[in-house]
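Fit chain L to the supplied structure of chain S, relying on the hints for placement.
Here the protein sequences come in this chain order: S and L.
Residues in the first sequence are numbered from 1 upward in steps of one, following UniProt numbering.
Residues in the second sequence are numbered from 1 upward in steps of one, following UniProt numbering.
If you are wondering where the hints come from, they were derived from the structure by calculation, not from laboratory data.
Even for Gly, the Cβ is constructed at its ideal location relative to N, Cα and C.
Hints may be right or wrong, so weigh each one.
What the hints assert, rightly or not - Residues of chain S clear of chain L, computed beta-carbon distances all greater than 10 Å:
| # | residue |
| --- | --- |
| 1 | P90 |
| 2 | D91 |
| 3 | A295 |
| 4 | R364 |
| 5 | R386 |
| 6 | D388 |
| 7 | I392 |
| 8 | G393 |
As the list claims (entries may be wrong) - Computed cross-link-like contacts, SDA-like style, restricted to lysine to any residue with a CA-CA straight-line distance of at most 20 Å:
| # | chain 1 | residue 1 | chain 2 | residue 2 |
| --- | --- | --- | --- | --- |
| 9 | S | K240 | L | G149 |
| 10 | L | K240 | S | N153 |
| 11 | L | K240 | S | S151 |
| 12 | S | K349 | L | L215 |
2 protein chains.
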Amino acid sequence: MTYGLLEGLRIIESSAFIAAPLAGLTLAEFGADVIRVDMIGGGIDYGRVPLAPSRRSLYWTGLNKGKRSIAIDLRRPEGRELVQALATAPDEDGGVLLTNIATSWLAHDLLASRRRDMITCLIQGNGDGSSAVDYTVNCATGYPAMTGGGSVNAPVNHVLPAWDVACAYQAAFSVLAAAGARRRTGDGAELRLALSDVAFSVLAHLGATAEAEVLGQERPSVGNHIYGAFGLDFGTADGKRIMVAAISFGQWKALVAACGMERDVERIERAHGLDLRNEVDRYEAREEIAAIVRAWCERRPLAEIDAVFERFGVCAGQYRTVRELVESDPRVSVKNPVFERIDTPGVGKHLAAGTPLRISGVARTPVRPAPLLGQDTDEILANVLRLDSPAIGKLHDEGIVAGADKDPTVTHRN
Amino acid sequence: MTYGLLEGLRIIESSAFIAAPLAGLTLAEFGADVIRVDMIGGGIDYGRVPLAPSRRSLYWTGLNKGKRSIAIDLRRPEGRELVQALATAPDEDGGVLLTNIATSWLAHDLLASRRRDMITCLIQGNGDGSSAVDYTVNCATGYPAMTGGGSVNAPVNHVLPAWDVACAYQAAFSVLAAAGARRRTGDGAELRLALSDVAFSVLAHLGATAEAEVLGQERPSVGNHIYGAFGLDFGTADGKRIMVAAISFGQWKALVAACGMERDVERIERAHGLDLRNEVDRYEAREEIAAIVRAWCERRPLAEIDAVFERFGVCAGQYRTVRELVESDPRVSVKNPVFERIDTPGVGKHLAAGTPLRISGVARTPVRPAPLLGQDTDEILANVLRLDSPAIGKLHDEGIVAGADKDPTVTHRN
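Same shape as in the complex, but just chain S (with noise of 0.2 Å):
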């Protein structure tokens, strides 16, 4: 076994922004030959905040690391056939298309007429074909309305564009099950994956809308609190924050004899009549629980609730920004096999992330970073289509592909 599960599958990638592309990106850190096809130019997406200061988007080389790149003139019709034609390529390995641009020219049934086992793969905002990104799809989940003590009327939307990346792990799943069974049978598929079933589907499988609809509840907008458990985020002495967790009654356990508070639990299950053993009682005594936790917590130095946690297994964690965490982490480092430092064109040495699956003894495939845009343009062309220089040439001239800008800079208008 090896970390190039998929070797031997290529994606023909036609997207922008975050689900599909970080759907390529799953399947191109499991050794799939993932070919992102831009404009020349680049897409939509191509100049999205944070950038460098050689203005390429940190967000982009992101979200497109270990792929190859081409760039095609996507507006005219022999930029369009080239695209079909890398899509439906004959070879056993091709034929997938993954994309989130609904676009006639791409439609399935037209490359299912030119490759009769064609796998498409179409991310979507709504199934109607409507559109729809994360933020708009996000406020209809009821999440904005009952996060950070919010309400419908006041809501606080997530900053993680967390359906995005549910949908982009749904749409990789959905191919290799796809890609799998094509193997087997010989069929192909049109798979559609919109972004709002994703959420609305994980709303259900985590027994929120059936709260909703058979309890007639709305679940209520608790700030910090674990709905449903205890736990709750926490100041210490020296001005740091941490987030403690009592789900399991392990870890509940583990908190009152850390903080040392046996007899304010017996105190309160006595006044309320409550079994703090059970995390719904917990749930109900939570203000008064958090305010012995929070005392402890307050007279305390994080060093030493660090200490006293880690002796009796408490599990909680501290808050961080993003600098902080990068900069003294060991989980965000190179101490981390999942981590390694990597040299992007245009953006130097960073951190970077390969795929978190970890496989025992098997050495990790390196991280390889975002190409520039164009960069394989006629490596594709030659292996792919199987052009010869002259053929790769005359696109050149007319202007239908491009290579890599000499300078990765970023001068487009989305």
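Just chain L now, with coordinates in the frame of chain S:
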């Protein structure tokens, strides 16, 4: 091509909480035979809120749809032997264990000594085996310090267990990749996936760690604004709230036209030397743009705004509570093929989601409710372990296994 893309794959799932059960659910949605193994009486997640009036958990039943359930006394050697035998059953379809419970008697090497091509997937908190949950990982990501206008000392936790969800889908993907590779090579694999690695790798892929490291810059906390483009929530004249996004140039053009703010745009561009066709410039001018859109929205009821936005193709969505979502959004109703009404024992009839994946031209597999705990004990012992009736009867008599409770209520303490 059918929805049963994974038919013939059997997964033994020994799990609790979200990440591992949601991974198993994802595999089950595609036709895998997922057998959830639980302690007699239920594991530590069996009583998690929300609870139906019967005290059956809507959370547990949501995450275990379409699986088979076997109840075993996992404290006794004979019970542990049964789980090992299930995981290593010699037929071609078997030999896959999915778990988030690191325990010596389910260690990969032990199972691989019984079945050479064993695949185990262990979901961990941290890669070094130390404990972490979604909440204690999230605090380290920096997101709570930039959510809802928060800071590292006044953090705002997300309520969605986003890292658990991402980890679940990564785990399903990893198991599938390993199973596919095993089919070709005959090799098993020990897979480990840490929640914190999933979270921090997403941070890195989105460019957040490079932003901190390469630019030395903390991403600002900007409330509900979309970072790096234009997007914000606005109130309407009739007391509703909407999220408006103008990330792409097309979305921006639509918003400008819908709100008739061409002159305001020119004024802002001239005053600050900006070009609002560029998303980075829109982000810089976000407060001034927001003031115009806010005034426009506050003068109009939602119905009018919806009509105008639809005419111009503006990307927007309404904030809802979960109840409002379930009661009024057709995307969470049987009008959407992703959703069905199912009847879960102990819960009753309710909306449930199947896979969000749509495969064109293929009938969906009906969603099957979660099993009663131990509902399939005898069937699994008979058809996976090939035990005969006397042997199964003996296991019951000795209290090593249990069938379904007659009364599916929860009296369990975690």
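Hints, one by one, checked against the model:
1. P90: 20 Å, holds
2. D91: 17 Å, holds
3. A295: 18 Å, holds
4. R364: 12 Å, holds
5. R386: 26 Å, holds
6. D388: 33 Å, holds
7. I392: Given that every Cβ of chain L is farther than 10 Å from that of I392 of chain S, nearest at about 31 Å, it holds.
8. G393: 33 Å, holds
9. S:K240 - L:G149: Within the cut-off at roughly 18 Å; holds.
10. L:K240 - S:N153: 7 Å, holds
11. L:K240 - S:S151: 12 Å, holds
12. S:K349 - L:L215: 12 Å, holds
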